[in-house]
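*Asks:* Here is what each chain is made of, one letter per residue.
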Amino acid sequence: MKSTDLNERVKGVGEAVLTASGLGVGFIPEGGHRQEVVGDVNLCLRTGRMAALVGESGCGKSITAAALGGLLPRGMKMDQGEIQWAGAGACGPGRGLAYVFQDPGECLDPVFTIGNQIREVLPKEDRSRAEERLAELFRTVGFDEPARVQASYSHQLSGGMQQRAMLAMALAGRPRVLVADEPTTALDVTVQAIILRLLAELQRKENLAVLLITHNLGVVAEVADDLHVMYAGRVVESGPVELLREPWHPYVKGLLRALPRLEENVSRLEGIDGSVPPLGRRPSGCRFHPRCPLAHAVCREQEPPLLGREGNRAVACWACMEGGWA
Amino acid sequence: MSRPLLQVENLSVRYHTGRHRVDAVREVSFDLSRGRCLGVVGESGSGKSSLARAVLGLEEQVTGRVDFEGQAVLNMTREARLAFRRRAQIVFQDPVGSLNPRMKVGVALGEVLRVHGLVASRVEGDAQVRTWLETVGMDPVYAGRFPHELSGGQRQRVNLARALCVGAELLVADEPVSALDVSVQAQILNLLQALQKSRGITWMLIGHDLAVMHHMADEVLVMQKGEVVERGSADEVFRHPSHPYTRELIAAAPSVERALKRRTAEGPSLGLKELASPVQD
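Heads up: the sequence lines are chains V and H, in that order. By the count of our numbering, the first sequence reaches residue 326 at its end, each step adding exactly one. By the count of our numbering, the second sequence reaches residue 281 at its end, each step adding exactly one.
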């Protein structure tokens, strides 16, 4: 059975820049055999659009993001599927794709000024007009006092300013794809709102293809266009963010029910029993079946494929299939 | 109505760093009745954790009054403090950092019981540890496991058992679910609520997630730069915020429902209108 072709989605809105198909990452311990960390992930990143990869810790979202840029940690290898860059322009990690991570304080070098760090990553063609380009980048990420920031060390900046500096650095190479891995998780809510807004503006103005990695469904609903929900190394549901209005997969439904609401107060939250299985203990069949209220025998034995359905949506669940029981 | 369990009056906490002085908490007053849940919300640096620690007598430079059942917490005698520590406990955000990695869960909990003189023998201790693990919804076999063998939610349950087993009546929880995944967070929040009902635990919940606070708290204090800028019943504060800072916090909190309502056919429409655009054109 072939998984849904996500490339066919959202035609005309943006051009495909990076397409990952059947992407799989294995962890191969020394002298051990391969364990699958992430399997069969299909992603298509398009200009001017933001795709979100959502899931709880241990579901493989950061590993997927790392695989796109060849940044996998030691012992892990992308040994399935392929990544294709489309169109003219820079490809691959470095020039084509840039990252922003969760903790800007740790990503910035404490012994160099912000200005020096960004100057260092400027591509060759910008070196001769470094100051001009620096001012441009600082304007793009909305620094009020560019001169002060340039001369500052990272500890002299607030978390929000540090993240802006990271964004400026990421944009220095004029990437076509920006991968933002939990970019606002370490920030306060008011600052988070500002950085998210900035991210959305950059995506529009610079026509960037953005991949947002987050555990926060609220953040996704605020800024993203497309959504891929991962569970234990697989994409279980994907489609336009509006799918959150009426998700199909029992895991996504459960996540939404488990979320406390700001608007209304329910007397009791419905958590999902159990927790995400760690790498070596992922169950056979559908990985969600031990926690799933809808699980039948088939779920224990066979893994459901991610099948495309109406409205550019896709879901991997036996119960949601034609002739299913949900 | 009977006297509140906790009465705090004009509490201030001050830190000295070199030549600088930081007023982390300024003149905070509140009452907390038995069996209620008080939520303290604010962003980092607002003084919410300092307030929590000061209430438990864990801060040094404190002025004002903290009364626990009418007894002053600051300047307690040694014996009184030991008794107070049994009745007022704290649970921290990081469930890993709060547990000794070299001790099995059962041994760690047993030690707490022994230190406080609550059990006569190891056998009695083991039996009690099993009961407490069941109280927090864990299988007693986990007594034989090390913290690294537990999931985040289970570790936080152990921390709750650790706080409860000495007879805590007031539990201060500093961001107890921030490090947990959403599906597990709901389980722990449900457990906190169940303990509030079944054991009459009084909660002081510190956090930054407004939705969690709205769900859990009966009353809320909103803190900014060490000061309480708004207080009231949770429903009142979150439905009809009166202070601009509270409004800003609520507007900035990402919410699935609100965002979905706002989304148009073209895609997301950021609802962050209240906040100035960071990009200068």
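For the record, the hints were derived by calculation from the structure and aren't laboratory data. Since this is a predicted model, take the numbers as computed values, not measurements. A portion of the hints provided could be inaccurate.
What the hints assert, rightly or not - A few chain V residues that don't get close to chain H, going by computed Cβ distances all over 10 angstroms:
hint, residue
1, G32
2, G39
3, E56
4, A88
5, Q150
6, N207
7, S275
8, R282
9, E301
10, P305
11, G308
Unchecked claim - Where chain V lies over chain H, by a calculated footprint (3+ residues, C-beta under 8 angstroms):
hint, segment
12, 10-20
13, 132-141
14, 241-250
Beta carbons are placed, not taken as given, at the ideal position from N, Cα and C, and that holds for glycine.
*Asks:* None of the hints should be skipped; say for each whether it holds.
*Replies:* Hint-by-hint comparison with the structure:
no., hint, in the structure
1, G32, "20 angstroms, holds"
2, G39, "21 angstroms, holds"
3, E56, "4 angstroms, violated"
4, A88, "26 angstroms, holds"
5, Q150, "16 angstroms, holds"
6, N207, "15 angstroms, holds"
7, S275, "5 angstroms, violated"
8, R282, "14 angstroms, holds"
9, E301, "24 angstroms, holds"
10, P305, "24 angstroms, holds"
11, G308, "21 angstroms, holds"
12, 10-20, "violated (count 0)"
13, 132-141, "violated (count 0)"
14, 241-250, "holds (count 3)"
The structure does not agree with the numbered hints 3, 7, 12 and 13 stated previously, though it agrees with the rest.
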